[in-house]
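Number of protein chains: 2
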Amino acid sequence: MMDQPLLLNTLLWRTERLFHDKKIVTRTGPGEYHSYTYADYAKRVRRLASALLDFGVKPGDRVGTIAWNHYRHFETYFGVPGIGAVLHTINMRLFPEQQQYLINHAQDSVLIIDEDQIPVVEQLVELGIPSVRAFIVMGDGPVPETTLSPVHRYDDLVAAGHEDYEFPVFDENTAAAMCYTSATTGDPKGVVYSHRAMVLQAMCLAMHDKLNMSERQVWLEVAPMFHCNGWNIPHTALLQGATLVLPGIHPLDADYVRTIEDLRVTGMNGAVTIGTMMRDFVRASDREWDLSSLETMWLGGQAPSLAIMQWWEQTYGTYVVQGYGMTECTPQICFNSIKSTLAERGEDEVYALRQKGGQPIPLMKIKVVGEDGAELPWDGTSVGDFWVQSPFTAREYFEDERTKESMVGGWFRTGDVGAIDPDGYVIIKDRSKDLIKSGGEWISSIDLENALMAHPKVREATVVSVPHEKWLERPLACVVPADESLTEDELREYLLQGFAKWWIPDSFLFVTEVPKTSVGKYNKKEIRGIYAQGGNAEILRRIGVGSAKPVA
Amino acid sequence: MMDQPLLLNTLLWRTERLFHDKKIVTRTGPGEYHSYTYADYAKRVRRLASALLDFGVKPGDRVGTIAWNHYRHFETYFGVPGIGAVLHTINMRLFPEQQQYLINHAQDSVLIIDEDQIPVVEQLVELGIPSVRAFIVMGDGPVPETTLSPVHRYDDLVAAGHEDYEFPVFDENTAAAMCYTSATTGDPKGVVYSHRAMVLQAMCLAMHDKLNMSERQVWLEVAPMFHCNGWNIPHTALLQGATLVLPGIHPLDADYVRTIEDLRVTGMNGAVTIGTMMRDFVRASDREWDLSSLETMWLGGQAPSLAIMQWWEQTYGTYVVQGYGMTECTPQICFNSIKSTLAERGEDEVYALRQKGGQPIPLMKIKVVGEDGAELPWDGTSVGDFWVQSPFTAREYFEDERTKESMVGGWFRTGDVGAIDPDGYVIIKDRSKDLIKSGGEWISSIDLENALMAHPKVREATVVSVPHEKWLERPLACVVPADESLTEDELREYLLQGFAKWWIPDSFLFVTEVPKTSVGKYNKKEIRGIYAQGGNAEILRRIGVGSAKPVA
Chain S
1 MMDQPLLLNT LLWRTERLFH DKKIVTRTGP GEYHSYTYAD YAKRVRRLAS
51 ALLDFGVKPG DRVGTIAWNH YRHFETYFGV PGIGAVLHTI NMRLFPEQQQ
101 YLINHAQDSV LIIDEDQIPV VEQLVELGIP SVRAFIVMGD GPVPETTLSP
151 VHRYDDLVAA GHEDYEFPVF DENTAAAMCY TSATTGDPKG VVYSHRAMVL
201 QAMCLAMHDK LNMSERQVWL EVAPMFHCNG WNIPHTALLQ GATLVLPGIH
251 PLDADYVRTI EDLRVTGMNG AVTIGTMMRD FVRASDREWD LSSLETMWLG
301 GQAPSLAIMQ WWEQTYGTYV VQGYGMTECT PQICFNSIKS TLAERGEDEV
351 YALRQKGGQP IPLMKIKVVG EDGAELPWDG TSVGDFWVQS PFTAREYFED
401 ERTKESMVGG WFRTGDVGAI DPDGYVIIKD RSKDLIKSGG EWISSIDLEN
451 ALMAHPKVRE ATVVSVPHEK WLERPLACVV PADESLTEDE LREYLLQGFA
501 KWWIPDSFLF VTEVPKTSVG KYNKKEIRGI YAQGGNAEIL RRIGVGSAKP
551 VA
Chain Z
1 MMDQPLLLNT LLWRTERLFH DKKIVTRTGP GEYHSYTYAD YAKRVRRLAS
51 ALLDFGVKPG DRVGTIAWNH YRHFETYFGV PGIGAVLHTI NMRLFPEQQQ
101 YLINHAQDSV LIIDEDQIPV VEQLVELGIP SVRAFIVMGD GPVPETTLSP
151 VHRYDDLVAA GHEDYEFPVF DENTAAAMCY TSATTGDPKG VVYSHRAMVL
201 QAMCLAMHDK LNMSERQVWL EVAPMFHCNG WNIPHTALLQ GATLVLPGIH
251 PLDADYVRTI EDLRVTGMNG AVTIGTMMRD FVRASDREWD LSSLETMWLG
301 GQAPSLAIMQ WWEQTYGTYV VQGYGMTECT PQICFNSIKS TLAERGEDEV
351 YALRQKGGQP IPLMKIKVVG EDGAELPWDG TSVGDFWVQS PFTAREYFED
401 ERTKESMVGG WFRTGDVGAI DPDGYVIIKD RSKDLIKSGG EWISSIDLEN
451 ALMAHPKVRE ATVVSVPHEK WLERPLACVV PADESLTEDE LREYLLQGFA
501 KWWIPDSFLF VTEVPKTSVG KYNKKEIRGI YAQGGNAEIL RRIGVGSAKP
551 VA
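Taken in order, these protein sequences are the chains called S and Z. Residue numbering for the first sequence follows UniProt numbering, beginning at 1 and increasing consecutively. Residue numbering for the second sequence follows UniProt numbering, beginning at 1 and increasing consecutively.
Watch out, some of these pointers could steer you wrong.
Heads up, the list lumps identical chains together, so a pair's fine if it works in one copy or across two of them.
Said to hold, decoys possible - Below are the DSSO-like pairs computed for lysine-lysine, each with C-alpha atoms no more than 30 Å apart in a straight line: (1) Lys404 - Lys521; (2) Lys501 - Lys43; (3) Lys525 - Lys58; (4) Lys367 - Lys43; (5) Lys43 - Lys365; (6) Lys58 - Lys365; (7) Lys367 - Lys23; (8) Lys437 - Lys43; (9) Lys501 - Lys457; (10) Lys457 - Lys470; (11) Lys23 - Lys433; (12) Lys501 - Lys470; (13) Lys365 - Lys23; (14) Lys525 - Lys437; (15) Lys43 - Lys516; (16) Lys43 - Lys339; (17) Lys339 - Lys23; (18) Lys516 - Lys339; (19) Lys339 - Lys433; (20) Lys404 - Lys339; (21) Lys23 - Lys516; (22) Lys516 - Lys58; (23) Lys457 - Lys43; (24) Lys501 - Lys521; (25) Lys516 - Lys457.
Just so you know, these hints were derived from the structure itself, not from any lab.
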């Protein structure tokens with residue numbers, strides 16, 4: 001067979017020809033959209049690629065981006081890797097010191113940033129990012145006043161490029177992109193994605209029984225493009241020729257909802273909290289929203305609650321689906337689709353199945369390993385460390401000593417604890433560091449959270465481990481009430497219907513909001529930190545609502 | 001990223017776990033079926049693999065099969081490549097001398113055959129197939145009396161193997177299978193398929209906007225498993241966990257129809273003639289058939305006529321789809337799905353689009369090259385040689401001098417002549433050797449055939465080039481009438497509605513059947529050969545119906 005490498009530009013070659021008239025649409029304001037075709041897109045990608053070469057960017061160089069989800073950012077997704085350089089998407093929500101660490105660790109040579117990020121990047125320059133030798137600012141009109149230097153306008157660069165630039169052919173294992181984990185302990189760890197990994201992952205996601213990403217879809221990418229290649233969704237949309245909708249600068253819940261209605265969006269993906277916030281927005285809104293076009297809502301980062309699945313299904317006929325992934329896996333590991341032989345079961349059983357992390361996607365091998373290092377059976381109850389192996393799983397962290405802790409014997413130790421059921425659906429019980437070990441028995445914080453979030457008077461809930469003199473660790477629940485009548489006793493009794501007595505949290509603290517990480521997951525480390533400073537009282541002082549007053 | 005190779009056994013690993021309860025069903029008699037699960041299948045595959053190793057089969061050895069579509073043959077699909085050996089599927093419909101050539105050229109070390117093939121293989125032994133050192137016979141009960149030696153019962157071998165055998169990991173470019181072209185000129189040419197190519201092709205076919213192969217499908221594989229990996233359909237079904245239905249030994253049209261009704265088959269694939277014969281069977285049957293479960297019928301080998309597309313759609317709601325492929329491409333090159341922006345056009349225009357060969361599948365690059373070697377525009381009218389390039393396209397023929405004629409500059413010259421429209425749909429005009437060049441202008445035999453086959457009184461039609469004193473070549477039509485009232489003048493007038501006068505065939509010969517190749521394509525070479533022996537008279541003598549009498 002021909003030695004044709006799996007390169008991102010091979011996908012682009014096909015899409016710009018076959019789906020030349022399909023659109024990429026970016027929200028630019030309330031009810032306002034920028035729209036152009038994949039043919040226009042590909043020309044600008046080629047211009048960008050050739051301009052970067054002229055600009056002195058070399059194969060292997062890291063090009064950083066600090067940007068929202070919009071068409072220019074998407075141009076860098078194919079333009080930068082197209083010349084063999086590495087797209088380093090930087091998390092916009094990190095503190096400047098963390099961003100500085102990332103840029104210096106990756107040794108980014110150029111930064112491509114959004115206009116509203118100029119003040120942040122000026123701060124980064126003061127902190128010291130010596131590898132960066134130029135700044136390219138995306139946006140319309142002239143570049144705003146800035147101390148950044150040398151500074152260039154992104155569109156000027158694109159205009160100076162050549163739209164008939166031909167991409168070079170190189171080894172498919174060449175680095176295409178990199179992303180750092182949103183590690184809540186220690187410095188973030190860098191993961192380098194190869195062209196091969198990204199092409200294979202996009203192919204898997206484009207398969208039946210996955211995302212439902214076909215050519216006719218109009219797909220809204222809510223998940224940030226700075227995080228794990230935007231879950232590889234933009235690549236999958238391009239591969240399939242689907243209409244890609246990007247929410248632009250500073251989108252709010254209202255913007256997602258309005259965009260879906262305006263553009264008849266058929267599918268979207270984002271953090272679980274997005275699905276919750278959109279629901280709350282729609283509920284509180286003083287007008288009806290027609291979101292009937294929305295067939296699929298993929299919620300990730302953590303498992304969506306039964307309540308949120310049911311609300312979307314009952315209100316708009318939207319099928320809420322989940323997967324399971326992480327930065328180290330490009331990112332998808334599992335995707336939850338219901339096997340036809342299981343779909344015939346009762347509604348409750350099917351919903352219980354949909355609450356699981358899903359089955360491994362093709363090419364992905366998984367196992368659960370016990371304390372003695374032996375593989376555990378796929379019985380749905382044997383809980384152990386969750387290990388994975390695939391052509392799109394990281395072999396190492398980028399120049400990082402911590403590789404040897406996580407990559408062992410050709411497998412990646414995810415750091416999650418879980419079980420696998422007899423049909424290969426994974427059940428993630430906890431991050432191993434979030435496990436609660438009470439009196440020698442362990443308690444799943446995720447199981448308790450899911451149960452709490454299914455309570456009609458609960459808006460958000462998280463359960464963390466706190467130290468205990470006798471049992472060593474005990475669960476503590478932080479709950480955002482949705483109704484002011486909610487009481488601690490009510491929750492305790494409710495949980496007792498499904499859990500053993502010793503699983504029930506000792507305290508239920510009513511808070512205004514659960515602290516979240518930069519990618520929208522519950523920040524249990526922060527809650528444990530606050531607790532360490534002063535127990536329940538400190539939590540209530542910092543994030544408490546005092547009484548169970550509903551949050552507007 | 002991890003260096004995890006794309007191996008067939010990686011697909012099996014997942015399917016036997018995730019889709020363990022899904023079925024592989026083989027027709028064994030009228031209304032009788034053998035059925036077992038993918039879990040059973042995988043155990044037998046592992047047994048077969050380990051038994052072959054014990055039997056002395058080594059990595060790289062060619063293992064030949066001469067067999068129908070059934071579960072045992074499918075076991076060899078993963079069992080043989082699983083140990084790094086090469087599955088050589090031999091065309092059952094070739095003459096013994098051709099089969100002998102294939103076996104000797106491939107140097108098959110073992111032959112795995114169906115029981116009904118024993119007389120043929122005994123003949124092959126007499127002709128001389130010295131590389132074969134053992135014969136393994138599939139079937140039930142004891143091996144029938146035979147001169148083959150040493151001879152083994154397939155099921156005994158499987159029983160002696162180990163069901164917990166672990167497949168080795170090796171380079172993804174390792175040969176997995178091989179197949180010879182059904183070349184109508186000269187000796188067949190061998191194509192060797194790598195694991196990588198077959199995994200990638202299965203992933204492409206499993207994508208949305210392709211075959212419609214999802215887990216819930218019940219797929220009937222009519223295309224022979226000896227030809228081009230059965231179009232890679234069995235691999236795709238396994239990858240997706242779909243129910244795979246195999247028509248077993250000596251299936252007839254009636255068997256396909258009954259199997260679809262019995263098992264509520266949802267999709268099938270086979271040669272265009274299968275779709276025609278099934279229609280004719282249903283029409284002539286004295287009872288109603290409920291084929292309403294059949295959503296998708298993929299007809300290949302050549303383009304299905306508009307008439308056959310419409311009949312299935314109107315009668316059973318079955319969507320007839322076509323692709324375009326060849327042995328050298330694992331085999332798919334294009335697949336015809338209608339882009340949403342084109343689906344809005346009128347019914348006639350959409351049917352015209354469905355008559356085209358389709359768009360290139362992912363990872364496949366295509367071009368049309370003019371006489372001067374330059375690439376022609378994708379305008380739907382510029383006709384030239386059709387070239388392709390992909391990771392599942394052959395780089396060479398197996399130990400064959402003719403490689404240098406077909407593989408040039410990293411591209412494969414398909415030998416087809418065609419155009420590409422502005423949306424990337426290919427329009428195959430002819431095999432270059434079937435082109436009719438009349439008075440310096442070329443005539444597409446395929447365009448004429450398609451038009452003729454859309455005539456309600458025509459059952460089959462083919463158009464070939466015959467020598468002509470003045471114009472050098474002229475078209476000749478061989479037509480199988482469906483109605484005895486059909487006349488030559490009627491066809492001539494009908495064609496004049498759509499074609500220039502000089503395109504109209506000089507003769508329309510009514511025949512009982514169009515001769516076909518071993519894979520069901522119209523055998524134009526044979527018709528040209530008969531014509532060379534005695535012109536129209538010889539054709540009418542050999543295959544003519546005399547008057548336009550309908551064929552029962």
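Cross-check of the supplied hints:
In the homo-oligomer, the alpha carbons of lysine 404 and lysine 521 lie at most 30 Å apart inside one protomer (26 Å), although the nearest pairing across protomers, at 58 Å, exceeds that limit. For the homomeric pair lysine 501 and lysine 43, neither the shortest alpha-carbon distance inside one copy (63 Å) nor that between copies (44 Å) is at most 30 Å. Taking CA atoms no more than 30 Å apart as the test, lysine 525 paired with lysine 58 passes in neither setting, with 40 Å inside one copy and 55 Å between copies. Taking the shortest alpha-carbon separations for lysine 367 and lysine 43, only the inter-copy value of 20 Å comes in at or below 30 Å, while the best intra-copy value is 44 Å.
Within a single copy, lysine 43 and lysine 365 get their C-alpha atoms only as close as 38 Å, which misses the 30 Å cut-off; across copies the closest is 18 Å, which meets it. In this assembly of identical chains, lysine 58 and lysine 365 lie within 30 Å of each other by CA distance solely across copies; the values are 27 Å between and 35 Å within a copy. For the identical chains of this complex, lysine 367 and lysine 23 are inter-copy neighbours only, at 25 Å across copies versus 40 Å inside a copy, given an alpha-carbon limit of 30 Å. When the C-alpha separation of lysine 437 and lysine 43 is checked against a cutoff of 30 Å, the pair qualifies neither within a copy, at 56 Å, nor between copies, at 40 Å.
For the identical chains of this complex, lysine 501 and lysine 457 are intra-copy neighbours only, at 22 Å inside a copy versus 80 Å across copies, given an alpha-carbon limit of 30 Å. Taking the shortest Cα distances, lysine 457 and lysine 470 never come within 30 Å of each other, neither inside one copy (32 Å) nor across copies (91 Å). For a Cα distance limit of 30 Å, the shortest separation of lysine 23 from lysine 433 qualifies neither inside one copy, at 43 Å, nor across copies, at 41 Å. When the C-alpha separation of lysine 501 and lysine 470 is checked against a cutoff of 30 Å, the pair qualifies only within one copy, where the shortest distance is 16 Å, while the shortest distance between copies is 99 Å.
In this assembly of identical chains, the alpha carbons of lysine 365 and lysine 23 lie at most 30 Å apart only when taken from different copies (22 Å versus 36 Å within one copy). For the identical chains of this complex, lysine 525 and lysine 437 are intra-copy neighbours only, at 16 Å inside a copy versus 78 Å across copies, given an alpha-carbon limit of 30 Å. Proximity of lysine 43 and lysine 516 under a CA criterion of 30 Å is satisfied in neither setting, with 39 Å inside one chain copy and 47 Å between copies. In this assembly of identical chains, the alpha carbons of lysine 43 and lysine 339 lie at most 30 Å apart only when taken from different copies (21 Å versus 42 Å within one copy).
When the C-alpha separation of lysine 339 and lysine 23 is checked against a cutoff of 30 Å, the pair qualifies only between copies, where the shortest distance is 13 Å, while the shortest distance within a copy is 33 Å. Within a single copy, lysine 516 and lysine 339 get their C-alpha atoms no closer than 33 Å, and across copies no closer than 41 Å, so neither meets the 30 Å cut-off. In the homo-oligomer, the alpha carbons of lysine 339 and lysine 433 never lie at most 30 Å apart, since the shortest distance is 32 Å inside one protomer and 48 Å across protomers. In this homomeric assembly, lysine 404 and lysine 339 never come within 30 Å of each other (Cα to Cα): the closest approach is 37 Å inside a single copy and 48 Å across copies.
For the identical chains of this complex, lysine 23 and lysine 516 are neighbours neither inside a copy (34 Å) nor across copies (45 Å), given an alpha-carbon limit of 30 Å. Proximity of lysine 516 to lysine 58 under the C-alpha cut-off of 30 Å is found in neither arrangement, the shortest distances being 37 Å within a copy and 57 Å between copies. Taking identical chains as interchangeable, the C-alpha atoms of lysine 457 and lysine 43 are never at most 30 Å apart, the minima being 52 Å within one chain and 51 Å between chains. Proximity of lysine 501 and lysine 521 under a CA criterion of 30 Å is satisfied intra-copy only: 28 Å inside one chain copy versus 72 Å between copies.
Within a single copy, lysine 516 and lysine 457 get their C-alpha atoms as close as 21 Å, which meets the 30 Å cut-off; across copies the closest is 71 Å, which misses it.
Going through the hint list in order, the structure does not satisfy hints 2, 3, 8, 10, 11, 15, 18, 19, 20, 21, 22 and 23.
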